[in-house]
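Chains as they are written, first to last, in this note's numbering: chain A, 1 to 366; chain B, 1 to 368.
Rather than coming from a laboratory, the hints here were simulated on the basis of the structure.
Among the clues, some could well be false.
[What the hints assert, rightly or not] Lysine to any residue pairs mimicking SDA-like chemistry, simulated, CA-CA at most 25 Å apart:
| id | chain 1 | residue 1 | chain 2 | residue 2 |
| --- | --- | --- | --- | --- |
| 1 | A | 232 | B | 156 |
| 2 | B | 156 | A | 313 |
| 3 | A | 231 | B | 323 |
| 4 | A | 231 | B | 329 |
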Amino acid sequence: MRLLNRSNSKTRLSNSTLLFIIAGIIFLVMYGIALISFPVSFRQFQTFFDFFNLNAALFIVTLGMCIVMIGGGIDISVGAVCGLVTMACAMLLQSGAGNIWAALFLALGIGLAFGLMHGFLIAYLEIQPFIITLAGMFLAQGLLTTIHKEPLNVTNPAFVALRRYTIEIPWLGTTNRLGVFIPCEIKPSVFIVVALVILYAVMMKWSRFGRNLYAVGGNRQSARMLGINVKKTIFLSYVLCGLTAGIAGFVFLMTTGAGNIGNGSLYEIKAIAANVMGGIMLSGGVGNLLGAPIGTLTLLTINELIRAAGVQSNLQAIVSGLLLYLFIVLQSIIMALRDRKGFKLTLPSWLRLQQLRDGKNADTLK
Amino acid sequence: MPKIKKHFDRFSQLVLPLSVLVLLLIINLFKGADYFKITMINGVLYGNIPNILFGASELVILSIGMTLVTAAARGQDISIGELGAISSAIFVQYVLNASEVTIWTILVGFLISCVAGIVLGAFNGILVSFFNVQPMVATLILFLGGRSIAFIIDGKVSPILANPISNQIGTVIPGIPIQTPIILTAVFIAIFAIILKTTNLRLYVEAVGINPNAARLNGINPKKVIFLTFLIMGVCSAVAGFIAVNKAGRHDSVNLLKFIMMDAILAVALGGNSLAGGKFSITGSIIGAYTIEVLNRTLLRLEVNPEAIKAFKAVFIIILMVIASPVVRAYAAKLLDKMKTISGSMRQTKGLNKAVVSMADSSVQKEE
Chain A
1 MRLLNRSNSK
11 TRLSNSTLLF
21 IIAGIIFLVM
31 YGIALISFPV
41 SFRQFQTFFD
51 FFNLNAALFI
61 VTLGMCIVMI
71 GGGIDISVGA
81 VCGLVTMACA
91 MLLQSGAGNI
101 WAALFLALGI
111 GLAFGLMHGF
121 LIAYLEIQPF
131 IITLAGMFLA
141 QGLLTTIHKE
151 PLNVTNPAFV
161 ALRRYTIEIP
171 WLGTTNRLGV
181 FIPCEIKPSV
191 FIVVALVILY
201 AVMMKWSRFG
211 RNLYAVGGNR
221 QSARMLGINV
231 KKTIFLSYVL
241 CGLTAGIAGF
251 VFLMTTGAGN
261 IGNGSLYEIK
271 AIAANVMGGI
281 MLSGGVGNLL
291 GAPIGTLTLL
301 TINELIRAAG
311 VQSNLQAIVS
321 GLLLYLFIVL
331 QSIIMALRDR
341 KGFKLTLPSW
351 LRLQQLRDGK
361 NADTLK
Chain B
1 MPKIKKHFDR
11 FSQLVLPLSV
21 LVLLLIINLF
31 KGADYFKITM
41 INGVLYGNIP
51 NILFGASELV
61 ILSIGMTLVT
71 AAARGQDISI
81 GELGAISSAI
91 FVQYVLNASE
101 VTIWTILVGF
111 LISCVAGIVL
121 GAFNGILVSF
131 FNVQPMVATL
141 ILFLGGRSIA
151 FIIDGKVSPI
161 LANPISNQIG
171 TVIPGIPIQT
181 PIILTAVFIA
191 IFAIILKTTN
201 LRLYVEAVGI
211 NPNAARLNGI
221 NPKKVIFLTF
231 LIMGVCSAVA
241 GFIAVNKAGR
251 HDSVNLLKFI
261 MMDAILAVAL
271 GGNSLAGGKF
281 SITGSIIGAY
291 TIEVLNRTLL
301 RLEVNPEAIK
311 AFKAVFIIIL
321 MVIASPVVRA
331 YAAKLLDKMK
341 TISGSMRQTK
351 GLNKAVVSMA
361 DSSVQKEE
């Protein structure tokens, strides 16, 4: 019977796809709960679009983190880099020395610099990613407080115009109490998010780099034996993550319009949580890039749900922690069951406990 | 002979943190020659060295627990500050609700907070060992929610510990010339050293950290060992929280032991321990923890702009990690080997073969 199972293995869902489907289902369930419990606010399309409008930077940061996590690493400096970029760009725009394009290039440059530093130290000098990106986080925070401490509003007219610019969708919207039709609004940053998601998803799915990254994240040793340049792949993943954090900083500035010390704080933790919810495993090699935005949406929906329920702000953190606990346990149970090769979605596992144990023994003897 | 070599191996791991510590102390000496001066005020020793020992006491205790967790679970616990905040909140509540504060009240409160620490450690440990979750993700939960739990236990205020005994625990006991947190830290280290000497803990943890499957085949249950390290981590957090709250005199659930996990992880790495598990050196971690405290104080002493301290620290960490990285070490060893062979060949051919000598010279110049 086991042989039969193995011969089927080609048609089995891959771990990435399975976790992605589960993440999608969880998001739909969460949004469904939100729709049922708070129909007034959640039934409006604007609520959904506001997730993107207000948290575009978080989506982008999560994408970069996702790439590093698939490669089996971690980058906890993204939030700090994002904050540093907002402040640096705000200062550049305020000083009048540069226009929007200069600010954009500055953002990309800062992100690239951090990415190159992390990538080189982690990939070529083989230092542990946690420590190096921790140092990167300290460096970015230190630079941020050194260059400017007070909140800085950007008053550059071109930038303000860009910030205020919204795209209205005339056929979607709600009628308010006075009977006035309010169309849905989308910020230009949403397009950046969508473009990046598509670009990265295509890259991870079809490009050589993306496939190499999955191989490296899954098993470094066998990836090297397959002839993949492991160091270069890891290096590129960190460079991409840094660059993405730079873009996220610029998008953050486009959303809030001010440089502030608190910008992007705790984004690294949020991004990790969102990726875990989106079915990307920290151990590497498993996960669909589209899971990153799905996970972020789940996280935001949960936060919004807790906020709408009027729960105390202290309980909010506890509730989101507990939800994260549930997700993690669920994920690990699914992975454990799949490892034992007896997992089918249709049959509850506890009915076949004995058989699972047998399967486990056979696996270990193999 | 092999025993000496073993000792040497253990010592070579300590070279990095010790050399950094010495370097920092030298920098401090340049700044002011009276760095090591210890003065006696009201029968208590004060000075830079006691201050460092005093300031680093929580970090040392936490880095001991972190070393074990890192070695066994091949990951780090990022919720230690929150664990300390929760367990010390319980301690503070117990003491405040007691009708009379005696040494026994404090002791019982401390034991209760230790139990709370163990329970919270078990929460993390179950996730890591039995559900096979990455330690950093598993502890992310308490990291996110922990401070809120402590805040609710506190009753949404920051209660003040205004009794003479906790004041004495936080500062000095009359008649003893050393500050109490230093003594507590020393006692904790001693207890831990005895545990490591008398039990198989080190062997088991290292075996699990190096290869869990091999450990399992040899009759060690890796899940139990990893679970145990998280329980120990919980106790360490509770002790650190106890010291911190007595030092501060009030329980500030937002800022108590904030971001100390970064320093603790750094201390473990500085001590020459691999963050990917396996062999560990508690001594290295302790020295690493003190080194971090010295670094913090040195930056303050050098009058670095307080805003830029973090950046300086980051640069320092990066330089340190580059020096300690396996690639650079291997390169240095290779270089040293080459130099040795060159000097050896020079000795052999002394005055006999000019060509070889000139070749060696040129290669030495190249390396320079």
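Now for the hints, and whether the structure bears them out:
{"no.": "1", "hint": "232(A) <-> 156(B)", "verdict": "51 Å, violated"}
{"no.": "2", "hint": "156(B) <-> 313(A)", "verdict": "12 Å, holds"}
{"no.": "3", "hint": "231(A) <-> 323(B)", "verdict": "19 Å, holds"}
{"no.": "4", "hint": "231(A) <-> 329(B)", "verdict": "18 Å, holds"}
Checked against the numbered hints above, the structure breaks only hint 1 and satisfies the rest.
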